[in-house]
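2 protein chains.
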Amino acid sequence: MSRNDVTLSGVVTELEPLRYTPAGIPLLTFRLTHQSRQVEASQERSVSLDLPVMVLGDLAREMAGLTPESNVAVRGFLARRSLKSLSVVLHATAYKLEME
Amino acid sequence: MSRNDVTLSGVVTELEPLRYTPAGIPLLTFRLTHQSRQVEASQERSVSLDLPVMVLGDLAREMAGLTPESNVAVRGFLARRSLKSLSVVLHATAYKLEME
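Chains as they are written, first to last, in the working numbering: chain A, 436 to 535; chain B, 436 to 535.
Read the hints as simulated data drawn from the structure, not as lab findings. Nothing here was measured: the structure is a model prediction, and the numbers come from that model. All C-beta atoms, glycine included, are put in the ideal place defined by N, C-alpha and C. Warning: the hint list may mix true and false statements.
Using 20 Å as the maximum straight-line C-alpha spacing, the simulated DMTMM-like pairs for lysine to aspartate or glutamate come out as follows [unchecked claim]:
#	chain 1	residue 1	chain 2	residue 2
1	A	LYS531	A	ASP485
2	B	LYS531	B	GLU451
3	A	LYS531	A	ASP493
4	A	LYS531	A	GLU504
5	B	LYS531	A	ASP493
6	B	LYS531	B	ASP440
7	A	LYS531	B	GLU504
8	A	LYS531	A	GLU475
9	B	LYS531	A	GLU475
10	A	LYS519	B	GLU497
11	B	LYS531	B	GLU497
12	B	LYS531	B	ASP485
13	A	LYS531	A	ASP440
14	B	LYS531	B	GLU504
15	A	LYS531	A	GLU479
16	A	LYS531	A	GLU449
17	A	LYS531	B	ASP440
18	B	LYS519	A	ASP485
Selected chain A positions facing chain B (Cβ under 7 Å, derived; list incomplete) [to be verified]:
#	residue
19	SER444
20	VAL446
21	VAL447
22	VAL482
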């Protein structure tokens with residue numbers, strides 16, 4: 436079975452106002468700024484990352500109320516930004532507010 | 436707690452020969468070509484994605500024996516390709532061969 440599951444926590448930055456697709460579906464975009472320590476080949480390392488996030492539908496409406504700089508954990512899947520693009524976007528399908 | 440968990444399945448492409456870091460740690464790189472259908476805002480959509488993967492240590496040695504075009508599910512974390520880069524790499528910490 437094909438898997439594409441991501442859970443990424445971080446700080447909400449560049450939170451744009453809610454907008455709508457041409458089909459009238461709510462659309463929200465922001466960036467998730469992540470920092471953590473990860474273990475790789477038995478060695479701990481620091482990881483930092485800044486990923487664009489896209490949210491559609493009712494979840495977009497809900498997340499539009501987030502305070503910028505909120506700490507959240509986003510669950511979703513990765514996709515190309517556009518057909519011609521090599522860069523990736525995290526499509527959020529669920530989220531949770533995190534304690535700092 | 437900070438989360439950075441990815442499980443992505445796909446086809447192994449551009450599998451490079453095993454090499455070693457300056458510190459002598461085995462290093463393997465390839466690309467994972469992913470296709471799936473995902474549900475977003477109650478609508479099914481097709482997703483395709485091609486992500487660079489990096490593997491270090493014993494796992495790199497093990498995965499170096501993969502047949503190109505193998506179907507695998509890779510588990511790991513996302514990180515920036517380099518300090519100055521905005522593009523992301525999936526660091527594999529585990530994998531599983533998948534049936535086609």
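Structure-based check of all given hints:
1. A:LYS531 to A:ASP485: holds (18 Å)
2. B:LYS531 to B:GLU451: It holds: about 19 Å lies between the C-alpha atoms, which stays within 20 Å.
3. A:LYS531 to A:ASP493: holds (15 Å)
4. A:LYS531 to A:GLU504: Holds. LYS531 of chain A to GLU504 of chain A sits at ~14 Å (cutoff 20 Å).
5. B:LYS531 to A:ASP493: Roughly 35 Å separates the two Cα atoms, so the pair is violated.
6. B:LYS531 to B:ASP440: holds (16 Å)
7. A:LYS531 to B:GLU504: violated (37 Å)
8. A:LYS531 to A:GLU475: Roughly 26 Å between the alpha carbons, so the hint for LYS531 of chain A and GLU475 of chain A is violated.
9. B:LYS531 to A:GLU475: holds (17 Å)
10. A:LYS519 to B:GLU497: Measuring from Cα to Cα gives roughly 33 Å; hence the hint is violated.
11. B:LYS531 to B:GLU497: holds (11 Å)
12. B:LYS531 to B:ASP485: With a Cα-Cα distance of about 18 Å, the restraint between LYS531 of chain B and ASP485 of chain B holds, given a limit of 20 Å.
13. A:LYS531 to A:ASP440: holds (16 Å)
14. B:LYS531 to B:GLU504: holds (14 Å)
15. A:LYS531 to A:GLU479: It is violated: about 26 Å lies between the C-alpha atoms, which goes past 20 Å.
16. A:LYS531 to A:GLU449: Holds, at about 18 Å.
17. A:LYS531 to B:ASP440: holds (15 Å)
18. B:LYS519 to A:ASP485: Distance of about 12 Å is within 20 Å: holds.
19. SER444: With a closest approach of 4 Å, the SER444 of chain A hint holds.
20. VAL446: This hint is violated: VAL446 of chain A lies away from chain B, its Cβ roughly 11 Å from the closest one there, beyond 7 Å.
21. VAL447: violated (15 Å)
22. VAL482: With a closest approach of 5 Å, the VAL482 of chain A hint holds.
Checked against the numbered hints listed earlier, the structure breaks hints 5, 7, 8, 10, 15, 20, 21; every other hint is satisfied.
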